[in-house]
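S.K.: In case you want the letters, here they are:
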Amino acid sequence: MIKKALKTLKRAPVRAVAVLLFAAVISMIICALQASNEAELRNYEEVWQSVPITVTVTDPTGKNDGDLLISPWVLSLFTDDTPVKFYDDSAEKKYSDPVEELSLAAYLKDVQSMMYTPISTINGTNYTSAAGTTMLYGISSLPCDKQLLPENGCEITWYEGYDESIFAGEELLCIVPEGMVERYDNGGEADLYFSGRSNIPFIHRDENGEFLWVDGELVVEFPKVEYNCSLKIVGTYTAGDEKSIYCPYPVIDKVYDELRKNKIIRVLSATLSDNSRLDEFREKASYCFLEPSPNAKKTAWGVSVDYGTLPYITEKNYSYALDIDDNNLFDLSAILEDSIKFNRTVTVFVVILSVISGFLVGFLMVRRRKRDIMLMRMVGESNARVYAGFALEQMICIILGIVIGGAYYKWNPINNLAIFAFAYFIALSLALAIFMSKELIKNIKEDE
Amino acid sequence: MSISLNNVSYSYKGKYQTVRAVDGVSYDFEPGKCYAIIGKSGSGKTTLLSLMAGLDVPTEGEVIIDGKSTKNWNRNRLRRDAVSVIYQNYNLFPLLTVQENIMYPLDLKKMSKKKAAELAIKMRERVELSPAYDKRLPAHLSGGEQQRVAIARTLAQGCKIILADEPTGNLDSTNTANIVKILCSLAHDDGCTVIIVTHDPAVAEQADAVLQMKDGAWI
Ligand SMILES: Nc1ncnc2c1ncn2[C@@H]1O[C@H](COP(=O)(O)OP(=O)(O)OP(=O)(O)O)[C@@H](O)[C@H]1O
Ligand SMILES: [Mg+2]
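Protein sequences appear in the order of chains G and E. Going by our numbering, the residue at position 187 of the first sequence is 187; the numbering climbs one at a time, nothing skipped. Going by our numbering, the residue at position 120 of the second sequence is 120; the numbering climbs one at a time, nothing skipped.
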C-alpha cells in the first residue's frame, strides 16, 4: 500500500511537492515562532535575574537615615548559615524553647552594613570636634553612608594606590575628614591610634554560647570597656560633618568583638542572590519583618535590653521593616510580559491559521482526485481501502513536509505541528467521507 | 451470466424537484448477445446503465444479476466481479501506466503480480495495442487508444456483463468500427452480455438487438 502511494506521488510530483512545501512552510513558521517565543522567554528570564533586587532594613515607616539600631541577630539573619532562633516572649520561660529558626543568608548576597562607635582619644589625646563626638564608622561600601556620596557634595581624595575597594577588604585603613589630616599631619605614613569606650549592655553566655540565666533572669552587664585600634590614613573627604572616620566594616566588627559582644548595626542591606526566589524570600522575611508603611507607628526599639540582643516575636514587637525594592523589576517585566503575551497570541493565531489552511488544502486535494477515487470505487475497490490509500498518500506528503520544515528547529513544538497534521488529516477524512457518502451514480454526473 | 430488468424505476431526488429518469423498464438480456440502447438526450440511458452497473439501486423494481437483485449484492463485489462499465471518457487512472491500468482489477482480485502482468499483455494484444504502450500514461494516448485500454482492463477484470456508455462518442469512424468490433466479439466469442448506449446509428447497426428509450421507458 505504501509502495502504491509512493508511486502515485511520484507520478504527480507537482501536486506532491506542493503539499509537501505547504506543510514545510507552515511547519517552519510554527517552529520559528516557537523559537522566537523561547528566546524571548529566556531573555525575560535573564533580565529578570539580572535586575538587582535590594532589600534594606528600615524602621516600620520604611526609613533608615543611618540612625537605626539594628540588633546583631538581624545581621546574623542576613549573613549566617546557622539559623537565628526566635523566642516567644509571652511564654512562661521566655527563652527556653525557640518557636522558630530562620536564616536568610542563602537568599542574599553583597550584604552591606554600617556600624560605628564613639572615639574619645586620638593618638593619646582627647579629641573632640566642633560637631560633637567623633565616630569611627565601619562600612562595607561607600553607599552605606549617604554622606560619602558625591551627590551629597562629598569629594574623596585617595592617596596613591588606594580606592574605595578598601571597604570591601579588611585591612586596617581609614579615610578621615580633610580638617583632621591637617591636625594630625603625617601624610598618611603613620597610623592613627584611636581609643574609646562603651557602655552598651553585654549579655553573658555560657560555654555553649547559650544565654546565661540565673533565677529566670538574663545575666546582663553594663561594662565600660576601652578599646584601642590603629589605622592607616589612605584618603580624605570633604564636606559632611567633619567628625567621622571611615574604615572597612570587618575592622570595626573586630573592634566590637573585643569591645562588647552585642553590636548595634546602623545600616543593613543586601541584594537578592536569586530573583526567582523572591516570593519565597518575602514569605520567610515576613516572619520577622514588617512591610514598610508610611503610617506605621515607630516602635521604641533599642530601648529594651532584650531587644538589642534577642530576637523575640510578639505582635507588638515587630520592630523592623524590610524594604524590598522590586519596582525596577516589575516595570521591566511588565513590558517583557506584554511582548511575550503578544507572541503567544500570534502563535495561537498561526496555529489556527495552519488548521484552517490545512483544512482547505486537504479538501482541495480530495477534490482534485475525485476522478481517481470514483474510478477506484467503480472497479470495486471498497470505500475503506480507497480512504486508506488516499489518506496514506497525503499524510506521507504532509508528514515529510513537517519533518523537513521543522528540522532546523528540531520539531519544536511538536504538539503544534501535530495539531496541524491532525487538522489536515481530519479535513481529508471529512472530504473523502462526504464525497464517498454519495452514490456513485451521482458522482458520475458531477464529473461529466 | 444473465442480467434482467424487472419494472425498474429510478428518481433523482433533488432539493427542489424529483426527476424520474427511468420509469418502469423491464427486459431480459441474454448472454452472448450485443445490445444497443438508443434514445434522445435525457431519455434516461445513462441512468439505466448505471443501475445495471450497481452504482445505485432502483427506487422501484429490481435489477437482477445472476439471479440476485442488486439490492442483495455486495455492490463492491458486484462491480469487481460481475459488471464492468466503459464510459465515453475518464475511464483510466490518470496516474497509472497502460499496463498498470489493465492490471488494476487483477490486483483487487489478489492475483500475483507476475500472473497479472502476463494476463495484461494478453489483453493488450487482444485490443491490438503494441508493447510500446505498456509504460505510457493515459494522458499521452489518443481517444481511441484510451478506449481500447479501457476495454482491455474490462477484459482483464473478467466480468461477464459489459456495459458501455457512448464508448465511441469521441472517436472517428475507423476507431468506432474497431471498438465496436472488439465489443461485439466479447459477446459472440466470450459469451459476455454486452450493452452499448449510443447515439451512433453505425454502432446500433452492429448490435444483435436495438432498444429505444424515451422519457425513461422503452418505445
Ligand atoms: N444527478 C442528477 N440529478 C437530477 N437529475 C438528473 C441527474 N442526472 C440525470 N438527471 C436527469 O435524469 C434524466 C436522464 O438523464 P440521463 O443522464 O440518464 O440521460 P441520457 O439518456 O444519458 O442523456 P444523454 O444522451 O444526453 O447522455 C435527465 O432528464 C436528467 O436531467
Ligand atoms: Mg448519457
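Rather than coming from a laboratory, the hints here were simulated on the basis of the structure. A portion of the hints provided could be inaccurate.
Claimed, not checked - Calculated pairs, EDC-like style, for lysine to aspartate or glutamate (alpha carbon to alpha carbon, straight line, at most 20 Å): (1) 115/E <-> 125/E; (2) 71/E <-> 65/G; (3) 442/G <-> 134/E; (4) 10/G <-> 134/E; (5) 4/G <-> 134/E; (6) 15/E <-> 325/G; (7) 370/G <-> 190/E; (8) 442/G <-> 107/E; (9) 7/G <-> 56/E; (10) 442/G <-> 56/E; (11) 442/G <-> 125/E; (12) 4/G <-> 56/E; (13) 3/G <-> 107/E; (14) 438/G <-> 56/E.
Stated by the list, open to error - Which bits of chain E does chain G cover? Going by a derived footprint, with three or more residues having C-beta under 8 Å, they are: (15) 21-27; (16) 49-60; (17) 92-101; (18) 117-125.
To be verified - Simulated restraints on C-beta separations: (19) 433/G <-> 59/E: 35 to 45 Å; (20) 341/G <-> 18/E: 51 to 61 Å; (21) 190/E <-> 433/G: 30 to 40 Å.
Beta carbons: idealized from backbone N, C-alpha and C, even for Gly.
S.K.: If a hint holds in the structure, say so; if it doesn't, say that too.
M.R.: Comparing the hints with the structure gives:
A hinted pair counts as satisfied when its Cα atoms are at most 20 Å apart, and residue 115/E with residue 125/E qualifies at roughly 16 Å. Proposed proximity of residue 71/E and residue 65/G is contradicted: the alpha carbons are some 100 Å apart, above 20 Å. The straight-line distance between the Cα atoms of residue 442/G and residue 134/E is roughly 32 Å, outside the 20 Å bound, and the hint therefore fails. Between residue 10/G and residue 134/E the CA atoms are separated by roughly 18 Å; this keeps the pair inside 20 Å, and the hint holds.
The suggested pairing of residue 4/G with residue 134/E holds, with an alpha-carbon distance near 18 Å, which does not exceed 20 Å. A threshold of 20 Å between alpha carbons decides the hint, and for residue 15/E with residue 325/G the separation of about 73 Å lies outside it, so the pair is violated. Between residue 370/G and residue 190/E the CA atoms are separated by roughly 33 Å; this puts the pair beyond 20 Å, and the hint is violated. Pair hint residue 442/G plus residue 107/E does not hold up; C-alpha atoms about 26 Å apart against a cutoff of 20 Å.
For the suggested pair residue 7/G and residue 56/E, the alpha carbons sit about 31 Å apart, so the restraint of at most 20 Å is broken. Between residue 442/G and residue 56/E the alpha-carbon distance is near 9 Å, which keeps this suggested pair within the 20 Å criterion. Only pairs whose Cα atoms come within 20 Å are accepted, and residue 442/G paired with residue 125/E is rejected, the gap being roughly 34 Å. About 29 Å separates the Cα atoms of residue 4/G and residue 56/E, which puts this hinted pair outside 20 Å; it is violated.
Only pairs whose Cα atoms come within 20 Å are accepted, and residue 3/G paired with residue 107/E is accepted, the gap being roughly 14 Å. For the proposed pair residue 438/G and residue 56/E, the alpha carbon gap of about 10 Å is at most 20 Å, so the pair holds. A count of 0 residues in the region 21-27 of chain E with a Cβ less than 8 Å from any Cβ of chain G is obtained; the coverage claim is therefore unmet, three being the minimum. Against chain G, the region 49-60 of chain E contributes 5 residues with a C-beta closer than 8 Å to a partner C-beta. That satisfies the three-residue criterion, and the hint holds.
Closer than 8 Å: that is the beta-carbon criterion, and the region 92-101 of chain E has 5 residues meeting it against chain G, so the requirement of 3 holds. With 0 residues having a beta carbon nearer than 8 Å to a beta carbon of chain G, the region 117-125 of chain E misses the requirement of three or more and the stated coverage is violated. In this structure, residue 433/G and residue 59/E break the distance hint of 35 to 45 Å, their C-beta atoms being roughly 24 Å apart. For residue 341/G paired with residue 18/E, a C-beta distance near 57 Å keeps the hint of 51 to 61 Å intact.
Distance hint check: the CB atoms of residue 190/E and residue 433/G are about 39 Å apart, consistent with the given range 30 to 40 Å.
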